[in-house]
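Start from the sequences, fold in the hints, and give me the full structure.
2 protein chains.
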Amino acid sequence: MEKTTKILLSEKEMPTKWYNIMADMPNKPMPPLNPKTRKPITPEDLAPIFPMELIKQEASTERYIDIPEEVLDLYKTYRPSPIIRAYELEKSLGTKSKIYYKHEGLSYAGSHKANTAIPQAYYNKMEGVKKITTETGAGQWGSALSYACQHFGIDLEVYMVRISYDQKPFRKMMMNIYNANVYPSPSNRTEAGRKILEQHPDSPGSLGIAISEAMEIAAKNPDTKYSLGSVLNHVLLHQTIIGEEAILQMEKAGELPDVVIGCFGGGSNFSGIAFPFLRLNLKEGKNIRLKTIEPASCPKLTRGKFMYDFGDTAGMTPLLPMYTLGHNFIPAEIHAGGLRYHGAGVLASQLLKDGLIEATAKYQTECFEAGIQFARTEGVIPAPESTYAIAGAIDEARQADKEGVSKTILFNLSGHGHLDLASYEKYLSGKLQDHELTNAEIETSLAEIS
Amino acid sequence: MEKTTKILLSEKEMPTKWYNIMADMPNKPMPPLNPKTRKPITPEDLAPIFPMELIKQEASTERYIDIPEEVLDLYKTYRPSPIIRAYELEKSLGTKSKIYYKHEGLSYAGSHKANTAIPQAYYNKMEGVKKITTETGAGQWGSALSYACQHFGIDLEVYMVRISYDQKPFRKMMMNIYNANVYPSPSNRTEAGRKILEQHPDSPGSLGIAISEAMEIAAKNPDTKYSLGSVLNHVLLHQTIIGEEAILQMEKAGELPDVVIGCFGGGSNFSGIAFPFLRLNLKEGKNIRLKTIEPASCPKLTRGKFMYDFGDTAGMTPLLPMYTLGHNFIPAEIHAGGLRYHGAGVLASQLLKDGLIEATAKYQTECFEAGIQFARTEGVIPAPESTYAIAGAIDEARQADKEGVSKTILFNLSGHGHLDLASYEKYLSGKLQDHELTNAEIETSLAEIS
Numbered sequence: 001m002e003k004t005t006k007i008l009l010s011e012k013e014m015p016t017k018w019y020n021i022m023a024d025m026p027n028k029p030m031p032p033l034n035p036k037t038r039k040p041i042t043p044e045d046l047a048p049i050f051p052m053e054l055i056k057q058e059a060s061t062e063r064y065i066d067i068p069e070e071v072l073d074l075y076k077t078y079r080p081s082p083i084i085r086a087y088e089l090e091k092s093l094g095t096k097s098k099i100y101y102k103h104e105g106l107s108y109a110g111s112h113k114a115n116t117a118i119p120q121a122y123y124n125k126m127e128g129v130k131k132i133t134t135e136t137g138a139g140q141w142g143s144a145l146s147y148a149c150q151h152f153g154i155d156l157e158v159y160m161v162r163i164s165y166d167q168k169p170f171r172k173m174m175m176n177i178y179n180a181n182v183y184p185s186p187s188n189r190t191e192a193g194r195k196i197l198e199q200h201p202d203s204p205g206s207l208g209i210a211i212s213e214a215m216e217i218a219a220k221n222p223d224t225k226y227s228l229g230s231v232l233n234h235v236l237l238h239q240t241i242i243g244e245e246a247i248l249q250m251e252k253a254g255e256l257p258d259v260v261i262g263c264f265g266g267g268s269n270f271s272g273i274a275f276p277f278l279r280l281n282l283k284e285g286k287n288i289r290l291k292t293i294e295p296a297s298c299p300k301l302t303r304g305k306f307m308y309d310f311g312d313t314a315g316m317t318p319l320l321p322m323y324t325l326g327h328n329f330i331p332a333e334i335h336a337g338g339l340r341y342h343g344a345g346v347l348a349s350q351l352l353k354d355g356l357i358e359a360t361a362k363y364q365t366e367c368f369e370a371g372i373q374f375a376r377t378e379g380v381i382p383a384p385e386s387t388y389a390i391a392g393a394i395d396e397a398r399q400a401d402k403e404g405v406s407k408t409i410l411f412n413l414s415g416h417g418h419l420d421l422a423s424y425e426k427y428l429s430g431k432l433q434d435h436e437l438t439n440a441e442i443e444t445s446l447a448e449i450s
Numbered sequence: 001m002e003k004t005t006k007i008l009l010s011e012k013e014m015p016t017k018w019y020n021i022m023a024d025m026p027n028k029p030m031p032p033l034n035p036k037t038r039k040p041i042t043p044e045d046l047a048p049i050f051p052m053e054l055i056k057q058e059a060s061t062e063r064y065i066d067i068p069e070e071v072l073d074l075y076k077t078y079r080p081s082p083i084i085r086a087y088e089l090e091k092s093l094g095t096k097s098k099i100y101y102k103h104e105g106l107s108y109a110g111s112h113k114a115n116t117a118i119p120q121a122y123y124n125k126m127e128g129v130k131k132i133t134t135e136t137g138a139g140q141w142g143s144a145l146s147y148a149c150q151h152f153g154i155d156l157e158v159y160m161v162r163i164s165y166d167q168k169p170f171r172k173m174m175m176n177i178y179n180a181n182v183y184p185s186p187s188n189r190t191e192a193g194r195k196i197l198e199q200h201p202d203s204p205g206s207l208g209i210a211i212s213e214a215m216e217i218a219a220k221n222p223d224t225k226y227s228l229g230s231v232l233n234h235v236l237l238h239q240t241i242i243g244e245e246a247i248l249q250m251e252k253a254g255e256l257p258d259v260v261i262g263c264f265g266g267g268s269n270f271s272g273i274a275f276p277f278l279r280l281n282l283k284e285g286k287n288i289r290l291k292t293i294e295p296a297s298c299p300k301l302t303r304g305k306f307m308y309d310f311g312d313t314a315g316m317t318p319l320l321p322m323y324t325l326g327h328n329f330i331p332a333e334i335h336a337g338g339l340r341y342h343g344a345g346v347l348a349s350q351l352l353k354d355g356l357i358e359a360t361a362k363y364q365t366e367c368f369e370a371g372i373q374f375a376r377t378e379g380v381i382p383a384p385e386s387t388y389a390i391a392g393a394i395d396e397a398r399q400a401d402k403e404g405v406s407k408t409i410l411f412n413l414s415g416h417g418h419l420d421l422a423s424y425e426k427y428l429s430g431k432l433q434d435h436e437l438t439n440a441e442i443e444t445s446l447a448e449i450s
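Here the protein sequences line up with chains P and X, keeping their order.
The numbering of the first sequence is this note's numbering, which starts it at 1 and goes up by one.
The numbering of the second sequence is this note's numbering, which starts it at 1 and goes up by one.
None of these hints come from the bench; they were simulated from the model.
Accuracy of the hints is not assured; some may be wrong.
Put simply, identical chains are the same to the list, so a pair is met inside one copy or across any two.
Below 27 Å or equal to it, Euclidean Cα-Cα: the simulated BS3-like pairs (lysine-lysine) are [to be verified]: (1) 286 - 407; (2) 252 - 6; (3) 220 - 407; (4) 76 - 6; (5) 76 - 91; (6) 76 - 407; (7) 402 - 36; (8) 91 - 12; (9) 56 - 353; (10) 252 - 407; (11) 125 - 6; (12) 91 - 130; (13) 130 - 283; (14) 96 - 305; (15) 6 - 431; (16) 12 - 76; (17) 12 - 252; (18) 6 - 17; (19) 407 - 283; (20) 3 - 17; (21) 96 - 76.
The structure is reproduced here in structure tokens:
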């Protein structure tokens, strides 16, 4: 039989609905709380910062939500994304298992973030929003949203974590190409930023701080809304296009995966590929393992605590029931910037609590090694974030070989690493180190919020 | 009718033969000459530097040449490449014309160069070659060949133009990830390099010098061959996979292009998309315009002379009958590094001489403007080289609107610009300038070789 490397879908085969895991969860998540009243937040609480359609999606229990025509049109510039059989990686491992990856790095800005950037910009546009603010770490999210806002004619103001703004200028350049305004955070444009700069004029910033700044601007300006690239229910919802496509593709390949793997920051790329497969477990009695890989230096799922916590540093978000390391936790400066977040999305947190998904953690040097092996065999240079998923897939293949079985492994390649080559250079020249996080550090951080 | 954005081919539909334009040219090109004897070169002359199968392809007049199975397998990791209808660009231009682009930027190293890197490494491997040397400018070619050599277990030594090596470290990092050894050129590893360094210790290097260095190493070591990324007949042959796919895709779309456009450095990406369409002109009476866009600062096709000249600075290559600015010509430092070459491939040169293809030149600022417009509408950030093709496509659309007609325009997007963001930043901040090349400069350069 002829060898098939890529499993493609035509545009006509592209799913037209997002899947809402909330409909099928055995235990619904606890409600987000208004931090002032400690009562469940209402749509009105969120109205100053999000458009109503996204607020509805945030709380929806409908199983499927239609993807608007204009969003589908833009999805079609880069979707459906291929699933690729990693023959060369398999060969280099000498494994009997099959390894497939869903390649989300082919989108305009190079990652899965486009899948939610487009609908978020769209719904804002539909409600007459003139300007959006957002945060970004290394810049994957900011660049994805920049193009989406440019497309729908919305101004975008990006608060970029200062240390990334200074050290990794390329994502900022990409955002500029897409016509966005990018400011290093903490900035003197907000109260939250000024307060931090007063105490720490040299603050390197953090995602939590940048979220506070972006939310503050949105809260104060009636024609401005705020947009978040992970964590929230509606973000995870939009990402399920990945898994919905993947199910159709694996059907074409004539097999179901034994395990589906994604790296884990706030939860959006993992949830995007995993939730539709979880539906097969919950509704059709399948038994597909769903496995997250998080950085050992930011281990909210494996070493954090399930509790109510803020999503940002200044405490502007609702209180969310989630696995967290505490909203003041500052992760070590690993190169997978997109995974350096203290908390996990509410949906993924509840599912982990209920034993429906798995959590593992890895150090970055092992992941870079996996990334190099992947690049040298498959050709594709992965984003540092995605190397965690690759390392997880390699583990599964090795374990299967030990057990003398052949597994079908599917992982999500969340993005390419074209703007992260300097991190690889550091790894190759032996300059990367792993950070050993002590229990005391975690306990201290959690104690501050208990 | 539902809107279709991408025209895809399945792997089964991928062409399995390259097309050799030599079979159908009304006037065959004049032979390359041995510079010492001034007689046509023989296979034996080339045997020290190329494997025999590529030497045969270089002189072949067979119309179709089978693509080896192992090359097809590796092509399938990124091919067939999509043709995308540039709806958003069309909208922003307000044009009645249809603009399609063939997206070659989705390959592992981000450009069309992979299409010839893979077979070149393959044929070398088949003949027991242990090491390959090559030159690279900005690094697109070097990175494409690095992965191909790694795949086939061949060592690769890359001579990278010094100024790019120093100023653009990212392609070098990419080559290192793919396990290649990269040296700045001129280097002290070769006679050619040492000679130049003696006279000009601070030489910024040039493609011509780097070719001399790489060829010298190959000529002196029996188990080492040399590999070139453009210009030569066999390179252009391998690139015809682009146009062969494009013909099938345009048939699916139910239309033939009125004009096919490619940027022009040595000729490989243009020839790759154009030659198969030229076959339709020559054999089936079609009348498709085939249009090259070269930099106004390196205008061999529009202002050079058709004559025998060397492909490198030190005069190590055969003498080639081509449009040239003289092999000592040092182009201005424009940001489309891949287009900074003094000569044009023999096949493309002959076809231009015979009026079968068209040549135009453009300044880089106009092309960057087109690149920005493309990025903001289509989302894809093009390589600086590819912006020339985009500017050419925009011209065609505007001209058609002036004439009140609708054209079908197809251009080749030869690569992405993820590693060229600093050039865009320079353009956006107004720091890019155009270089006005005088006739006297060209005459002086040509006089040196007449």
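### Task
Have a look at residue 12 and residue 76 and pick one of within, between, both or neither, based on CA distance no larger than 27 Å.
both (10 Å within a copy, 22 Å between copies)
### Task
Check residue 252 against residue 6 for me: Cα-Cα at most 27 Å, and say if that holds within a copy, between copies, both or neither.
both (11 Å within a copy, 20 Å between copies)
### Query
How would you classify residue 286 and residue 407 at a CA-CA limit of 27 Å: within, between, both, or neither?
Classified as within: same-chain Cα gap 15 Å, cross-chain 52 Å, threshold 27 Å.
### Query
Can you tell me if residue 76 and residue 6 fall within 27 Å by alpha carbon in one copy, between copies, both or neither?
This pair counts as both: shortest intra-copy Cα distance 18 Å, inter-copy 7 Å.
### Task
Could you figure out if residue 6 and residue 431 sit no more than 27 Å apart (CA to CA) within one copy, between two copies, both or neither?
neither (36 Å within a copy, 43 Å between copies)
### Task
Up to 27 Å between alpha-carbons, please classify residue 252 paired with residue 407: within, between, both or neither.
Within one copy only: 17 Å inside a chain, 38 Å across chains, cut-off 27 Å.
### Message
As a check of your reading, is residue 407 near residue 283 (CA-CA no more than 27 Å) within one copy, between copies, both or neither?
### Response
within (23 Å within a copy, 52 Å between copies)
### Query
Checking residue 3 and residue 17: alpha-carbon separation at most 27 Å within a copy, between copies, both or neither?
between (32 Å within a copy, 18 Å between copies)
### Task
Classify it for me, residue 91 with residue 130: is the Cα-Cα distance of at most 27 Å met within a copy, between copies, both or neither?
Between copies only: 21 Å across, 52 Å inside.
### Task
Classify it for me, residue 12 with residue 252: is the Cα-Cα distance of at most 27 Å met within a copy, between copies, both or neither?
both (15 Å within a copy, 15 Å between copies)
### Alpha-carbon proximity context of residue 96 and residue 76, limit 27 Å
between (35 Å within a copy, 22 Å between copies)
### Task
Please work out whether the CA atoms of residue 125 and residue 6 approach to 27 Å or closer within one copy, between two copies, in both situations, or in neither?
So residue 125 and residue 6 pass the 27 Å test across copies only (25 Å; inside, 36 Å).
The structure fails to meet hints 3, 7, 13, 14 and 15 from the earlier list, while all remaining hints are met.
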